[in-house]
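Student: These are the residues of each chain, in order.
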Amino acid sequence: MTTFQPVLLEAVGVAGSHTLASYRSRGGYAPLERLLKEKQPTDVIELVKASGLRGRGGAGFPTGLKWTFLPKDHPGPIYLCINADESEPGTFNNRILMEDDPHQVIEGIILSAFATRATTAYLYLRYEYPQCWDRLQGAIDEAYAAGLLGKNIQGSGFSLDLYLHRGAAAYICGEETGLIESLEGKRAWPRIKPPFPAIEGLFRKPTVVNNIETMACVAQIARRGVDWFRSIGVPSDPNNPRDPGSYGPKLYCLSGHVERPGCYEAPLGITARQLIDGHGGGVWKGRKAKAVIPGGISMGLLTEAELDTPLDFAGPGKVGCLGLGTAAVVVIDETVSIVDFLHNSCRFFAHESCGQCTPCREGTAWSLRMLERIRAGKGRLKDLELLAEIGNTMGMMPGSTICGLADGAAWPIKNAIKKFRGEFEDYIKRTNPSGWMVTDPVPALPIVGAH
Amino acid sequence: MTTTQRILTPEMAARIEALAPRYPNRRALTLPALHIVNEELRYVPYEAVVEVAQLLGLAPAEVQDTLSFYQFFPQDKPSGETRAWVCRSVSCALRGGEEILDHICHAAGIEPYGTTADGALTVEPAECLGACDFAPCMLAGKTLHKNLTKESAETFVRDARARAGKSS
Ligand SMILES: Cc1cc2nc3c(=O)[nH]c(=O)nc-3n(C[C@H](O)[C@H](O)[C@H](O)COP(=O)(O)O)c2cc1C
Ligand code: SF4
Ligand code: FES
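Just so you know, the sequences run in chain order H and Y.
Just so you know, we're using this note's numbering here: the first sequence kicks off at 1 and counts up by one.
Just so you know, we're using this note's numbering here: the second sequence kicks off at 1001 and counts up by one.
In isolation and in its complexed conformation, chain H is listed as follows:
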């Protein structure tokens, strides 16, 4: 495990790593040129399918399979949208890929566009990444000048335009149909699915949405092959025919209370403890972890006792978390009040809910108001039941909302209250000695500003 050599991050720390010359010297674009000459789009789809690559943006959907959902023989245009909205708290690996190795991302985009027969690709970049914008635009300009983008790429007959499109600081633009609406110039209200974007997406045309890290993986699969990719990670469960496995390297973002925060590349399936102790230098100040976010704040919480959970696509779900998400691991040390953590989480989701679905708009706002009241020393034990009820009823899983933001808002609430119930009860009793047992309705606090 310790001998694993970074591949997706091989350029980090190399002087001038973001330039075309540097990328070529590392073997970049040669696989693209070979595939464009020798192979058909369906061959590239088969390659990615065979690799077992699953999307790195949060949902873990098999990439090759997603591409096969596009209609066959469509007259076009087909669009490719690259999701670089990266706004899940704790997550920053897309930023590092775009800043330090933009050509790796672009090679993956060209290969994916070739496979899906897309002739226009939009890279939707969050506003907060100005350095990525400059690096990407520089790399795109270089690629056009080198005949790697534009008309008739390398004489293959395949043409592709790649454009950057800037967001405006809204988390919901990362949800793939919110992204599409935003690109179309509208408010970023996610769409009801079906139809899925593969059938009717951007500008009502067939569309694939993929994450930046997914694109980098495609480039490396083309360079190093399917066997290399499948030799890394966790194979599919032989007892579960529906488990697609967790193959390949993964970029884990480590932050919060660790000695060495950073983005670390490791085989899928490394445990949270290995990551924190091995890569992160342990919990900071010699303290112990109270809780750890396994994959971005939407995924919920691991307890200290659950830190040996493997961070593959299946692992976090086995201990009640929502999933692997973005594999952003945030360490919360023993001095932090779990009430404060949950308040921070609820504030984020109340701010970022797009407001379209009532259970999400009201559920996120009410959970925040309750946490504010609890922190103000006016909590009641009954609030824990109300919070749990919100957690259990808002989301795509209970079938009450259009997109997964609400599930992501619900999970930290559900996990915190289930796994740290004692701490909540102690807090409420200690801070509200005369009122913790009251069960009557209470007046709400003034409304907080929200999106």
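Some hints here could point you the wrong way.
[Stated by the list, open to error] Here chain Y is said to cover these stretches of chain H; the calculated rule only asks that three of the stretch's residues, wherever they fall, bring their Cβ under 8 Å from a Cβ of chain Y:
# : segment
1 : 89-100
2 : 164-173
3 : 258-264
[Stated by the list, open to error] Beta-carbon label-pair distances, calculated as ranges:
#  : chain 1 : residue 1 : chain 2 : residue 2 : range
4  : H       : Gly281    : Y       : Pro1021   : 45 to 53 Å
5  : H       : Asp134    : Y       : Thr1009   : 18 to 26 Å
6  : H       : Val442    : Y       : Lys1146   : 36 to 44 Å
7  : Y       : Lys1166   : H       : Arg204    : 47 to 55 Å
8  : Y       : Pro1021   : H       : Gln5      : 19 to 27 Å
9  : Y       : Arg1163   : H       : Phe196    : 28 to 36 Å
10 : H       : Gly16     : Y       : Lys1146   : 39 to 47 Å
11 : Y       : Glu1111   : H       : Asp73     : 36 to 44 Å
12 : Y       : Thr1143   : H       : Phe69     : 35 to 43 Å
13 : Y       : His1106   : H       : Lys418    : 35 to 43 Å
14 : Y       : Glu1111   : H       : Ile192    : 38 to 46 Å
15 : H       : Ile192    : Y       : Pro1010   : 37 to 45 Å
[To be verified] In silico DSS-like pairs for lysine-lysine, Cα to Cα no more than 25 Å straight-line:
#  : chain 1 : residue 1 : chain 2 : residue 2
16 : Y       : Lys1146   : H       : Lys285
17 : H       : Lys186    : Y       : Lys1146
18 : H       : Lys378    : H       : Lys419
Hints are computed from structural coordinates only; laboratory data are not their basis.
Since we're looking at a predicted model, the values are computed, not measured.
Glycine is no exception: its CB is placed at the ideal position from the N, C-alpha and C atoms.
Once you have looked at the hints, place chain Y with the ligands on chain H.
Tutor: Only chain Y with the ligands this time, still in chain H's reference frame:
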């Protein structure tokens, strides 16, 4: 509101128009256009919304609807010469991000979302800036300020004030 004075300069209109071939319809130019106006004016007054709508062949309400959704483009008055976003999401909050936000606001003599009287600095809370490896952090204009301390936060406020009015 005068009708003769246009907000959108020919240069801004040309920058927007140059992006048109990238998209199959003009509505997709909405966000790029709003960004161009905001870059130039540091806000997007309603008059500019009307002019953008004219340019794109849309109803002003359509542009205003999109603009208001994001809560990103100020409409009443320009942001300060430096617009700073201080992260308050989980990884930064765990390392003192909220205290840094308070401290910067205190040093600047403003409330969150406020602008200093000299127009030098606007400070806003932000959700995760995607730089949690440098928590607590802040984006000011195009510059990421990493691993903030009270001291570096104070220096930042002082520098922003000293810079005000000197660059265009
Ligand atoms: C609220 C919400 C926010 C999301 N944010 C992002 C994001 O910032 N980046 C991303 O790649 N995917 C994000 N996703 C997942 C996308 O909807 C989509 O699954 C993904 O971009 C597909 O790419 P992939 O298959 O390569 O992972 C988000 C989903 C939800 C529900
Ligand atoms: S679940 Fe929430 S964020 Fe998603 S569409 Fe509904 S209201 Fe918007
Ligand atoms: S939480 Fe502050 S940058 Fe991510």
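Student: So, for every hint listed, does it hold in this structure?
Tutor: Now the hints, each set against the structure:
A count of 6 residues in the segment 89-100 of chain H with a Cβ less than 8 Å from any Cβ of chain Y is obtained; the coverage claim is therefore met, three being the minimum. For the segment 164-173 of chain H, the assignment as covered by chain Y holds, since 7 residues bring a beta-carbon within under 8 Å of that chain's beta-carbons and 3 suffice. Coverage of a stretch by a chain is defined here by at least three residues with a beta carbon nearer than 8 Å to that chain's beta carbons; for the segment 258-264 of chain H and chain Y the count is 3, and the condition holds. At roughly 50 Å, the beta carbons of Gly281/H and Pro1021/Y sit within the given window of 45 to 53 Å.
Distance hint check for Asp134/H and Thr1009/Y: the Cβ-Cβ separation is about 24 Å, which falls inside the suggested range of 18 to 26 Å. Under the hint 36 to 44 Å, the C-beta atoms of Val442/H and Lys1146/Y, about 42 Å apart, fit the expected range. Distance hint check for Lys1166/Y and Arg204/H: the Cβ-Cβ separation is about 49 Å, which falls inside the suggested range of 47 to 55 Å. Between Pro1021/Y and Gln5/H the CB atoms are about 43 Å apart, so this pair departs from the stated range of 19 to 27 Å.
Between Arg1163/Y and Phe196/H the beta carbons are some 49 Å apart, a value that contradicts the proposed interval 28 to 36 Å. The given range of 39 to 47 Å is broken by Gly16/H and Lys1146/Y, whose C-beta atoms sit roughly 22 Å from each other. Roughly 59 Å separates the CB atoms of Glu1111/Y and Asp73/H, a value that falls outside the hinted 36 to 44 Å. Distance hint for Thr1143/Y and Phe69/H: a CB-CB separation of about 42 Å, consistent with the stated range 35 to 43 Å.
Distance hint check for His1106/Y and Lys418/H: the Cβ-Cβ separation is about 39 Å, which falls inside the suggested range of 35 to 43 Å. Between Glu1111/Y and Ile192/H the Cβ separation comes to about 39 Å, which falls inside the hinted range of 38 to 46 Å. Checked against the given bound of 37 to 45 Å, the beta carbons of Ile192/H and Pro1010/Y, roughly 42 Å apart, stay inside it. Restraint check: the Cα-Cα separation between Lys1146/Y and Lys285/H comes to about 20 Å, which is no more than 25 Å; the hinted pair holds.
The suggested pairing of Lys186/H with Lys1146/Y is violated, with an alpha-carbon distance near 33 Å, which exceeds 25 Å. The hinted pair formed by Lys378/H and Lys419/H meets the criterion: a straight-line CA distance of about 22 Å does not exceed 25 Å.
Comparing the model with each earlier hint shows violations of hints 8, 9, 10, 11 and 17; every other hint is respected.
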